[in-house]
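Chains as they are written, first to last, in the numbering used here: chain A, 1 to 630; chain B, 1001 to 1340; chain C, 2001 to 2180; chain D, 3001 to 3202.
No wet-lab data here; the hints were simulated from the structure. Since this is a predicted model, take the numbers as computed values, not measurements. Treat the hints loosely; a few may be bogus.
[As the list claims (entries may be wrong)] Which chain A residues face chain B? A few, computed with CB under 10 Å, are given here:
| # | residue |
| --- | --- |
| 1 | Gly141 |
| 2 | Gln381 |
| 3 | Ala602 |
[Unchecked claim] Heads up, simulated DSSO-like pairs for lysine-lysine below, C-alpha to C-alpha not over 30 Å straight-line:
| # | chain 1 | residue 1 | chain 2 | residue 2 |
| --- | --- | --- | --- | --- |
| 4 | B | Lys1315 | C | Lys2072 |
| 5 | B | Lys1340 | C | Lys2094 |
| 6 | B | Lys1252 | C | Lys2165 |
| 7 | A | Lys426 | B | Lys1070 |
| 8 | B | Lys1340 | B | Lys1161 |
[As the list claims (entries may be wrong)] Chain C residues, not near chain A, derived (Cβ > 10 Å throughout):
| # | residue |
| --- | --- |
| 9 | Ser2007 |
| 10 | His2122 |
| 11 | Pro2168 |
Where is the CB? At the ideal position from N, CA and C, for every residue including glycine.
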Amino acid sequence: MSADANNPVLDRSWSDPPGLIGWLSAINHKTISIRFMLTTMGFFAAGGVLAMIIRLQLARPENKLVGPDFYNQLFTMHGTTMMFLFAVPVMQAVATYLVPLMIGSRGIAFPRMNAFAYWIFLFGGLMLYIAFILDIGPDAGWFAYPPLAGPEYSPGKRMDFWAQLITYTELSGLLEAVILITTIFKMRTPGMTLNRMPLFVWTMLVTSFMVMFAMPSVMLASTALITDRLVGTHFYNPAEGGDVLLWQHLFWFFGHPEVYLIFIPPLGFMSSIIATFARRPIYGYPVMVLAVIATAFLAFSLWVHHMFATNVPELGKSFFTAASAMIAIPTAAQIFCWIATLWAGRLNFRTPMLFALSFFFILTIGGLTGIMLASVSLDLQVHDTFFVVAHLHYVLIGGAVFPLFGAFYYWFPKFTGRLMSERLGKWNFWLMFVGFNVAFFPMHIAGLRGMPRRVYTYPAEMGWNLLNLVSSIGAAILAVGILLFVINVLVSRRRGEVAGADPWGAGTLEWATASPPAPGNFAQPVVVASRFPLWSPGGVAGVVRGLADDRREVLVTSVLDAVPNHRAMMPESSIWPFVSAVAVTVLFVGSIFTPWAVVWGAVLATPPLIVWFWPKRKATQMNLEREVKP
Amino acid sequence: MTVRALASLLLLAASSALAAVPAQNALEPHGVQALAIHDLWRLTLLVCTLVFAAVLAAFLYAIWRAPRSKERTAPDVAVLDQPEPKLRRPVVIGVAVSAVLLVVLIVADFVTERRLAHLPLKDAVRIEVTGHLWWWGVRYLDDEPSRMFSTANEIHVPAGKPVILKLNSADVIHSFWAPSLHGKKDLIPGRTALLHFRTDKPGVYRGQCAEFCGFEHALMAFTVVADPPEQYEAWAARQRQPAPAPVTDLQKQGLAVFMRSTCAMCHAIAGTEAGARLGPDLTHLASRSMIASGTLPNTRQYLAAWILDPQRFKKGANMPPTPLSAQDLNALMAYLETLK
Amino acid sequence: MKTTVLSMLLLASLAGCYREERPDPAPPSPPTESNVRLSEIEPGQKAAPPGVSNQYEENAYALSQGKTLFRKFNCSGCHGQGGGGMGPALMDDKWNYGSEPENIYATIVQGRPNGMPAFGGHLTNEQVWQLVAYVRSMSGQVGVDAAPSRSDEFQSAPPEGRREKEEPKDASDAAAAPKG
Amino acid sequence: MNDTRIPSQDINVARLPTYVFGSHSMMWWGTMGLMLIEGTVFAITVVVYFYLRSHSQTWPVDPPPDLLWGSLNTLILLASMVPNQLAKRAAERERRQHARWWLLACLAFALAFLIVRVFEFSALNTRWDANAYGSVVWMLLALHTTHLITDTIDTAVLAVLMFTGPLEGKRFVDVSENAMYWYFVVGSWLPIYAVIYWGARL
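Model the full structure from these sequences, guided by the hints.
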């Protein structure tokens, strides 16, 4: 069945070079993706630790564990970390591993840019955390509303680091979006027409397009914030013609779609996991695809529901109420399709499946509370209270983190060649599931009972004490569950059961190659004629011959029908993406302190970028020898 | 299991509510608007609970009835090429029902919004509320300037009469939220927002800032006191009066301490030379039940401790610590207590 | 190697704490004895510099508090946003009573002839030092990474953090006529 | 083991070209992606301009920018499309000589444009820190200038490459895509020009 065969020549040509320099020069999409995933999970853990301190502080009323200054940094860092350093990038990180495999490609488009995007992301995150350790952690909330985040009320450099982090992560995210779109459109193996793409690839395609329209908005907003703070522009200064709500519009025009950037890829995880463990394709493939596309469009038309408490015109609010409620329909359609799939399937309750199934409990609650928040009148009560905290964690943890953990259990054997422990996995799941609900369900009630968000303390007589204590206990249980996950990963990586190419009996192409895949992914790229090539009677439809093994050659196919078009030569490993990322970091960090850093930083960053692009004589010579003109 | 856990949680939450004073609770509405929202809440909660139960039931039944499998179980790929009418119908029905319920909720929301917007505003009391880092400036407006007066953090309103709040901010964005009376409204620098409410029953309602505003966002509370109308009028009449002149020597000495220390740099007391507007107006300080924006009860001990070292109670407070000798402090307290 | 990195990080963290600490670090204590005399005839002289170093000059939060106080206590009523008015300009290089922190401290606490009131007693020590730090930032005497940026108000001068550093020219003899 | 497969739809791709021009190339999609992103940035900035304008009683707060330099630059930019198109065509026909010289011509136009851009900034009649109007106008012009500078550097690098080598077929694809990006820079300038210069006069 497997089209995979040992091919040392191919392995050599796609391998990353050895040594430290080689390590920094690596551009293989799997290498970069593993680093990317580990980095994002590292930030997830850091964000989790911050959350635990928050919960400790709130466990009792009038607690003196941390003061307001540190608390404000804590929750700002927690939100910023989880949104910008974990939730969005982790999806892209997983995708850069899986998408090329799922579409049967030997590599990813623009691999050097991929490496650059990773380094930029890493340096951005490190910058933020170093600043935090130095007591320059941002403290005006992850949403950074001016004027609080502006020059007058956030003196010093704290919010500059925050705003610059946005530049980093959005640059990385935007580059990844371009990479993924090009990969998905142009590098699918022959026969994989658009309507045979795995649903996860669809979700990543849609997500990447959303990134391209959403992220520019926040980048512009944060750039304007930086210039307001650094060189005295007046975008958010009402006295000079600016407007503080301008920020909120720009931020939420990005911020609301962002929720879907986080939420849509996991829909793809769900579809992959459910199909495999229900032993049948997902019911209603076209509905699933259209639902995701509809969600993406609607996601851009409801940002104002974050601003119902401001004085935006009433009529406008009604429109946004309707749009916000309507976005539930495509999600409902997907949930019903999955239930139909389960209904008609034959089920295997392995750990990945448990994580996927918890979605139906947690996300349904999160979605329903979302409908409540869409209502202007209800929102006036629960907006900016713990009710919203509960809601957003139900959506983001239930809709993204649980499926993501399921995805890790599901694809871990592909990443490492070994299965994760099932026993630890079940413990991991149930602790997380129980801990999560115990932690976050009471917050709904606390919010309704009048507890606002982002408070570092609360009086004892407000009637919130028990709710908060229960939340904190739940958070501790959740943390133990996540700790078990870490242990499971560490143990299973060395001692886990050897997986083989396709341990779950799955049907999509990533399981057609060895676990972990050889550097070149597919010794023999395949031709497919089905959505589940490995499930088709007789296996894949054929193989692709004629791609060179002794160099990084990939097959480029047409957008709609994946008809072979040409053979493209992918670039060699290079240290210059890393060096460029360092230079760009100097520019970004420097411009926190002086606007002139933009000038000398650019002068510094240009040479590495040129060297990066500049072709090598030897490689060119080799290409020329084999060149076939169009 | 989970349902039971939820139920017991709810019970616990309810029991812990017994101690709470005064109400700051969206589930205990006391104003017409909060009531309207609460009605909508109950409808929405009902619909959502039913939907949740239905989805969960369908899901549980589906995984209960489906046969079990192993990794090696042959996958059912035949369904890729054939329609599955048996699955289609429930999915279509499910989506259709969801859409209908959503429309119901949207309509209910529109109706509620209209209810909220159509509060009759005849003879309304007009109050300007200004958000400061981290306290509430309150100014009672009147067509006749001499009838206007200022106070802070404690808003008296006549029960049964509509109130129009004019919301401004002196610095960053705050949000005015007294959940038992109405939903919240942001106070945005450079813009003015209006909030109408009416409370039909006398009582004391707590509220606090709901938009993160920095350091002491957590300790920026206020109270709304709904008095019976005649009592309100009496209160307002008193508030319009300047502060009584100090009578005893000690009180006179207290005023002198006030004027020569840091106090007078920020606070105003009508009827004296203190006219600064950076901190709360203290003309009738002693008539208020709380100090430091709902942080401490207005007792002699707390007030004295607060004056000596505000940061002990409210770390980021902008009021500086005032080192006073015991004698001066005693005199100052004696004077401040006359500001009824 | 590791210890070097660690200690450097620690050092850097100290620097960080210092610049961003809020509420502010403790202020220097007031000059013990003031030699500023207040009378029309002798309009005060330059204090012998005891060399007080004002930590607030390196603390962004303290500087911004100083700026807030400057506006709220209506210093701007006479001095404008630094360009001067009834009182002398504070963003230029001219200092009638000395440009050192302790000079400015004395000026605020004791007042000066021709209209500068004495704020001693009305301001706490912290507030005075915050004001001192801010006043010096107006002519670029403090680090740009701590000096305030623009305020959310009508702008009549570039923000303190973007001003050229003026070389203070202290009026050398007491006879120098006070401005304004 | 693949050889044992019965209904084989094997494909041999050995004779397919190693590079192509236009929308079939990955470079085209990469460039399109960047254009989409940056187009979104421009569009949102223009929206910000009108948003601020709608909140302002007087607009522009300062006198509108002088028309001379901006209009001159528009003409330069429009004229630059000619060498750009010729460079693109030369590249697609793989005429190295032509591509070289037309790239140099493009570069000359780009540099001329950048020089005039300096005058443009000085003729805006407002400063970025004067008021929100000044801020958004400077932001618009600065954003566009950033793109111009990057594409100018890109053109310069390609021009040098055309002279020095090493050269292979797909470098001509790069030249062709560079030309496409230049169209974007021109295309995005027209609405920005209209907003900065004529939006202030409406």
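Taking the hints in turn, this is what the structure says about them:
For A:Gly141, the suggested interface contact is upheld, since its CB lies about 5 Å from the closest CB of chain B, less than 10 Å. With 10 Å as the threshold, the beta carbon of A:Gln381 comes within range of chain B, its nearest partner Cβ sitting at about 4 Å, so the hint holds. Checking A:Ala602 against chain B: minimum C-beta separation of about 34 Å lies over 10 Å; hint violated. In summary, the hint linking B:Lys1315 to C:Lys2072 is supported, as the alpha carbons are separated by about 20 Å, within the 30 Å threshold.
For the suggested pair B:Lys1340 and C:Lys2094, the alpha carbons sit about 50 Å apart, so the restraint of at most 30 Å is broken. Restraint check: the Cα-Cα separation between B:Lys1252 and C:Lys2165 comes to about 49 Å, which exceeds 30 Å; the hinted pair is violated. Distance restraint check for A:Lys426 and B:Lys1070: the Cα-Cα separation of roughly 17 Å lies within the 30 Å cut-off, and the hinted pair is therefore satisfied. Using a Cα cut-off of 30 Å, the hinted pair B:Lys1340 and B:Lys1161 holds, with the two alpha carbons roughly 25 Å apart.
For C:Ser2007, the non-interface assignment is confirmed: its Cβ lies about 14 Å from the closest Cβ of chain A, beyond the 10 Å cut-off. The beta carbon of C:His2122 sits about 24 Å from the closest Cβ of chain A, which is more than 10 Å, so the claim that it is off the interface holds. Annotated as non-interface, C:Pro2168 keeps its C-beta farther than 10 Å from every C-beta of chain A; the closest such distance is 23 Å.
Consistency note: the structure conflicts with the earlier hints numbered 3, 5 and 6.
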